[in-house]
Amino acid sequence: MSFISYLINGISLGSVYAIIALGYTMVYGIAKMLNFAHGDVIMIGAYVVMTAIAGAGMPPLLAVLLAVIFCTVLGVVIESVAYRPLLNAASSLAVLITAIGVSYLLQNVALLIFGANTKSFSSVVPVPALALAGGALTISGETIVTIASCIVIMIGLTLFIKKSKAGQAMLAVSEDKGAAQLMGINVNGTIALTFAIGSALAAVAGVLLCSAYPSLTPYTGAMPGIKAFVAAVFGGIGSIPGALIGGILLGVIEIFGKAYISSQMADAIVFGVLIIVLIVKPTGILGKNIQEKV
Amino acid sequence: MKKMSKTTKDNMITYLMVILIFIVVQILTSTGNVSSLLQGLLVPLCAYIILAVSLNLTVGILGELSLGHAGFMCVGAFTSAFFSKCAMEAIPVTGLRYFIALLIGAAAAGACGILIGIPVLRLKGDYLAIVTLAFGEIIKNIVNVLFIGKDENGFHFSTKDSLSLGLEDGGKVIINGPQGITGTPKDSTFIIGVALILVTLFIVLNLMHSRSGRAIMAIRDNRIAAESVGINITKYKLMAFSISAALAGVAGVIYAHNLATLTAQPKNFGYNMSIMILVFVVLGGIGNMRGSIIAAIILTLLPELLRSLSDYRMLIYAVVLIVMMLFNWSPKAIEWREKFSAKFRRGKNKSAKEAA
Amino acid sequence: MKMKKAVSAILVAAMAMTLMAGCGSKSDSGSDKAADAGSESGSVFKIGAIGPVTGGAAVYGEAVKNGAELAVKEINEAGGIGGTQVELKYEDDEHDAEKAVNAYNTLKDWGMHALLGTVTSAPCVAVGEVAQADNTFMLTPSGTAVECVQYDNAFRVCFSDPMQGLESAKYIGEKGLAKKVAAIYDSSDVYSTGIYEAFVKEAENQDFEIVAAEAFTAEAKTDFSVQLQKAKDAGAELVFLPFYYTEASLVLKQAAGMKFSPIFFGCDGMDGILAVEGFDVDLANNLMFMSPFTPTSEDETIQKFVKDYEEAYGQTPNQFAADAYDGVYAIKAAMEAGEVTADMSPSDVCDAMKEAMLEISIDGVTAKGLTWEASGEPSKEPMVVKIENGDYAVVE
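Protein chains in written order, with our numbering: chain A, 742 to 1035; chain B, 158 to 513; chain C, 4 to 399.
Calculated directly from the structure, the hints in this document are not laboratory data.
Fair warning: there could be bad hints in the mix.
Said to hold, decoys possible - In the EDC-like style, the derived pairs of lysine to aspartate or glutamate whose C-alpha atoms are separated by at most 20 Å in a straight line are:
{"id": "1", "chain 1": "C", "residue 1": "K204", "chain 2": "B", "residue 2": "E461"}
{"id": "2", "chain 1": "C", "residue 1": "K204", "chain 2": "B", "residue 2": "E495"}
{"id": "3", "chain 1": "B", "residue 1": "K343", "chain 2": "C", "residue 2": "E205"}
{"id": "4", "chain 1": "C", "residue 1": "K92", "chain 2": "B", "residue 2": "D468"}
{"id": "5", "chain 1": "B", "residue 1": "K281", "chain 2": "A", "residue 2": "E916"}
{"id": "6", "chain 1": "C", "residue 1": "K92", "chain 2": "B", "residue 2": "E461"}
{"id": "7", "chain 1": "B", "residue 1": "K317", "chain 2": "C", "residue 2": "E212"}
{"id": "8", "chain 1": "B", "residue 1": "K317", "chain 2": "C", "residue 2": "E205"}
{"id": "9", "chain 1": "B", "residue 1": "K317", "chain 2": "C", "residue 2": "E207"}
What the hints assert, rightly or not - Residues from chain B that keep clear of chain C, each with C-beta distances beyond 10 Å, as calculated:
{"id": "10", "residue": "S162"}
{"id": "11", "residue": "L173"}
{"id": "12", "residue": "K307"}
{"id": "13", "residue": "T346"}
{"id": "14", "residue": "N379"}
{"id": "15", "residue": "V386"}
{"id": "16", "residue": "Y412"}
{"id": "17", "residue": "K489"}
Stated by the list, open to error - Distance windows between CB atoms, simulated:
{"id": "18", "chain 1": "A", "residue 1": "Q922", "chain 2": "B", "residue 2": "K392", "range": "32 to 42 Å"}
{"id": "19", "chain 1": "A", "residue 1": "L802", "chain 2": "C", "residue 2": "D394", "range": "25 to 35 Å"}
{"id": "20", "chain 1": "C", "residue 1": "S264", "chain 2": "A", "residue 2": "L806", "range": "48 to 58 Å"}
{"id": "21", "chain 1": "A", "residue 1": "S821", "chain 2": "B", "residue 2": "T164", "range": "33 to 43 Å"}
{"id": "22", "chain 1": "B", "residue 1": "L272", "chain 2": "A", "residue 2": "I892", "range": "35 to 45 Å"}
{"id": "23", "chain 1": "A", "residue 1": "S833", "chain 2": "B", "residue 2": "L177", "range": "28 to 38 Å"}
{"id": "24", "chain 1": "C", "residue 1": "K371", "chain 2": "B", "residue 2": "E309", "range": "43 to 53 Å"}
{"id": "25", "chain 1": "A", "residue 1": "L873", "chain 2": "C", "residue 2": "K183", "range": "37 to 47 Å"}
{"id": "26", "chain 1": "C", "residue 1": "E80", "chain 2": "A", "residue 2": "P800", "range": "43 to 53 Å"}
{"id": "27", "chain 1": "C", "residue 1": "K310", "chain 2": "B", "residue 2": "D308", "range": "29 to 39 Å"}
{"id": "28", "chain 1": "B", "residue 1": "D308", "chain 2": "C", "residue 2": "D351", "range": "39 to 49 Å"}
{"id": "29", "chain 1": "B", "residue 1": "L272", "chain 2": "A", "residue 2": "S905", "range": "21 to 31 Å"}
{"id": "30", "chain 1": "B", "residue 1": "A244", "chain 2": "C", "residue 2": "S382", "range": "34 to 44 Å"}
The model shown is predicted, which means the values in this text are computed figures rather than measured ones.
Backbone N, C-alpha and C fix where the C-beta goes; we use that ideal spot for every residue, glycine too.
Use the sequences and the hints to build the structure in full.
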């Protein structure tokens, strides 16, 4: 019985990683950059929802919508001010470092506005917990909603990329920026759109993360951000279903590691499994192995 | 001077810069013009400079992104502090003890570099980055659950807590899990630090311009071409990676022997630190050792100099970091700077001609 | 390409130069200040304080900052220390030992007479070493590790880690709260491990059994379901939580989610849980913890402190703020008892104050008749607080 309960807990934790990883992988897949500030956009999104509900008394759904709009705008602004000038820099590391700068900036802005005190985030999920096996096992409403959102977002993104014109443009940009430009695709616009979508996803992730784990500080986003990055690599970075699988696997491994091996060594176990997976399959579980050509 | 090749001249400038900074600081110190804050910062600065230079070897020369550099520093710091703590009575001569500690720290970190390098270097790009990050976190996690004590019966190990060491009365806990090592002798000095920076530079710059260094750079520029001319990829990659790790270990030794307490927190040995070192490297210019030194100095001093801004300190720091990155790396900014400097040079040439 | 590099190197160098120049002038002004301090030093006492106000531990540093500021304001309004006004300067250490030493040096340049700090343990040990070398008086409001006060110039306001672990185990055993106890602790944190170890050690002498001991780390502190599940499966009647309320609020929520309701027992880090904005206080019902300070106490001094604090900072003070508040008053008392004057050097101040610390007794907000031993430890009785109906209540 405890095995199943651990499994359920692992999936709930994993679903949160997965929803963050979706945003990560989306931006990476198209813009080929690791957006280290993604976790902090999540944190900002959660603060917006909290302020809207507690401060302005908005209904939760409206607050979430507001957060999505706010983060989308924020994402586009960050992209155009801090990332776009470095898009063609001599090294792709330049934009990575700027992303770290943006991450510090967002954390410290939040620190100044909201203070360092932990805020408890009241869940915006109206779904009740699901009791199984006569109440011995419970799946929380947050988990159900998170997993459902993950799947909806995953299908939505896949359809968007496969069917829509803008999605096709994204694919083209991710394959070859120069060629895409020659074909008349607005590369800058496409990348901005990618950031807009990624940041909107971050807002949703922030709401779900804080609904499931209701403690909000200016540093809330940093650690899940890194974990989600690991999850995205795990599943094969750039692959949208990979992010979902990677996230859930990471959560399950973390919980099982704690439960059956050692709770002190949970991090070492998670990262150890990651290393083994990457050594066996160097591009992640669903990553495409691109053969290098001379 | 004329006879010297361009690279030798370039290297000399780097060495001279370090020595010049050292002399200036020494003069200022002896005349009492250096604040205690700056004096306290000198030794950590040396550690950061060595870290930046050593990571630049991996990132700039080998061309691989590593996000676990702080892990090697952690290994160097803990092994050397452990040794110093044990040998405090056996070897009372500070210089000798510190020298052995340095060797131990560097060797342990270098060995870790080889151990980690073998599987890791098969990977490429961001996957390699994430695996180094993972190793860094594993090292930190292991150090945090490590308990080592010593009593009459010798050493005791545990990964649970200090009680399960089962020490006899009078036994001492040396590594106390998250509390780490306390009471490491404060042996690091600015002079040693500068000497080690010079040694590090000597190793890295010589490697760069040696046969092996050219092989490593050939791998960076085109792995397949390098392989086809018979360069042993694994050997050279591993060589650069483990030297870089060993040097990070040296920085760890300096760091550990400067503070009375050594704990493996996310702040000092986690990915945050690894990223911070990477920031030095990228800001200073990938592959440019002199740039790394300058960037390490600027970014270590900056938050301290901003202290008067109190609450806005880290905010301003973040903004300055972003602006510096944009200024140094954005193609537009580079173009503008080139135009500007060209104008400047033309002006200078003109005036020189006029003078003639 | 070469050109580009050269130009960027020059630019970076230029930037470095301006910075160096900046710090050069800064150090000059620092020495000027020191010279000035000589002439004007008769007019003001300089108390330095160090703690994190950015980074993950900022919440504790902030509380100490507020508590200390409040106390200094009151002291100045009441005429200062022995007629001399007090100036407080608070420096950020980001909860990092190295940054803490930098902060200490900054304060030293400023001409600090005595140090209130540091807030967290590991930085406190590092600063303790430097302060001992300089012979600067230090009083940490909340550095709980044993080594924080290992030298004779260092004292603390809070309880030490081993003391809290020991007292908690004793209390649980003597009151017969439970027979089966589980412990969850942060194995990457000094404070939490320190208490946990002392707790386990004392548990052997007490009439209860530790049925589960589970850890978590700073990198994995969002999900506690496994630790709670194990405690539940082991049939624990009481779960010991020696860590801060930030994580504890998550533990309580997750325990409620899995319908696990043992007695939860915490340490002083638990204080402040009711002040968490938006926290469902029902979750904390029947939570017990050991604390030197309760904001709802009837005591007059405490009432006044809580009221003033709420007016000034818009939140209820926690024990960090209370410790800092008492710390400043202890420094005042020791300065007065040691007949310290503002023109004495920090080392002379320290010599006078460490003698005086052993003689003073203050009625603060964390204890009545608070005195210090030569070991640097305060002598005060811990209280156990229980949360009932969303409010603190002292348990006898």
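Hint-by-hint comparison with the structure:
1. Under the criterion of a C-alpha separation no larger than 20 Å, the hint pairing C/K204 with B/E461 is inconsistent with the structure, at around 42 Å.
2. Pair hint C/K204 plus B/E495 does not hold up; C-alpha atoms about 69 Å apart against a cutoff of 20 Å.
3. Taken as a hint, the B/K343 and C/E205 pair is broken in the structure, with Cα atoms around 35 Å apart against an allowance of 20 Å.
4. Using a Cα cut-off of 20 Å, the hinted pair C/K92 and B/D468 holds, with the two alpha carbons roughly 13 Å apart.
5. For the hint linking B/K281 to A/E916, the alpha-carbon distance of about 18 Å falls within 20 Å, and the restraint holds.
6. Taking the CA atoms of C/K92 and B/E461, the gap is about 15 Å. The hint holds against a cut of 20 Å.
7. The suggested pairing of B/K317 with C/E212 holds, with an alpha-carbon distance near 18 Å, which does not exceed 20 Å.
8. Between B/K317 and C/E205 the alpha-carbon distance is near 17 Å, which keeps this suggested pair within the 20 Å criterion.
9. This hinted pair checks out: B/K317 and C/E207 have alpha carbons roughly 17 Å apart, not beyond 20 Å.
10. Consistency note on B/S162: stated as away from chain C, and its beta-carbon is indeed over 10 Å from all of that chain's, at 14 Å minimum.
11. Non-interface call for B/L173 relative to chain C: holds, since the shortest CB-CB distance, roughly 13 Å, exceeds 10 Å.
12. The claim that B/K307 lies off the interface holds: its Cβ sits roughly 18 Å from the closest Cβ of chain C, which is beyond the 10 Å cut-off.
13. At the 10 Å boundary, the C-beta of B/T346 stays outside the reach of chain C, the nearest C-beta of that chain being 14 Å off.
14. Every C-beta of chain C lies more than 10 Å from that of B/N379, the closest at about 17 Å, which supports listing it as non-interface.
15. No Cβ of chain C approaches the Cβ of B/V386 within 10 Å, the least distance being about 24 Å, so the stated non-interface status holds.
16. Not every C-beta of chain C lies more than 10 Å from that of B/Y412, the closest at about 8 Å, which undercuts listing it as non-interface.
17. With a closest Cβ-Cβ approach of about 13 Å to chain C, B/K489 is found to remain outside the 10 Å limit, as its non-interface label requires.
18. Between A/Q922 and B/K392 the beta carbon distance is about 41 Å. The supplied range of 32 to 42 Å therefore holds.
19. In this structure the supplied range 25 to 35 Å holds for A/L802 paired with C/D394, their Cβ-Cβ distance being about 34 Å.
20. The supplied range of 48 to 58 Å is broken by C/S264 and A/L806, whose beta-carbon atoms lie about 36 Å from each other.
21. For the pair A/S821 and B/T164, the beta carbons lie near 40 Å from each other, so the given range of 33 to 43 Å is met.
22. Range check, B/L272 to A/I892: about 41 Å between beta-carbon atoms, so the 35 to 45 Å window is met.
23. Checked against the given bound of 28 to 38 Å, the beta carbons of A/S833 and B/L177, roughly 34 Å apart, stay inside it.
24. C/K371 and B/E309 have their C-beta atoms about 46 Å apart, which keeps the hinted 43 to 53 Å range intact.
25. A/L873 and C/K183 have their C-beta atoms about 27 Å apart, which leaves the hinted 37 to 47 Å range violated.
26. Checked against the given bound of 43 to 53 Å, the beta carbons of C/E80 and A/P800, roughly 47 Å apart, stay inside it.
27. Hint check: C/K310 to B/D308, Cβ distance near 54 Å, so the stated range 29 to 39 Å is violated.
28. Separation of B/D308 from C/D351 is about 42 Å and conforms to the stated range, judged on CB atoms against 39 to 49 Å.
29. Separation of B/L272 from A/S905 is about 48 Å and departs from the stated range, judged on CB atoms against 21 to 31 Å.
30. For the pair B/A244 and C/S382, the supplied restraint of 34 to 44 Å holds, since their beta-carbon distance comes to about 38 Å.
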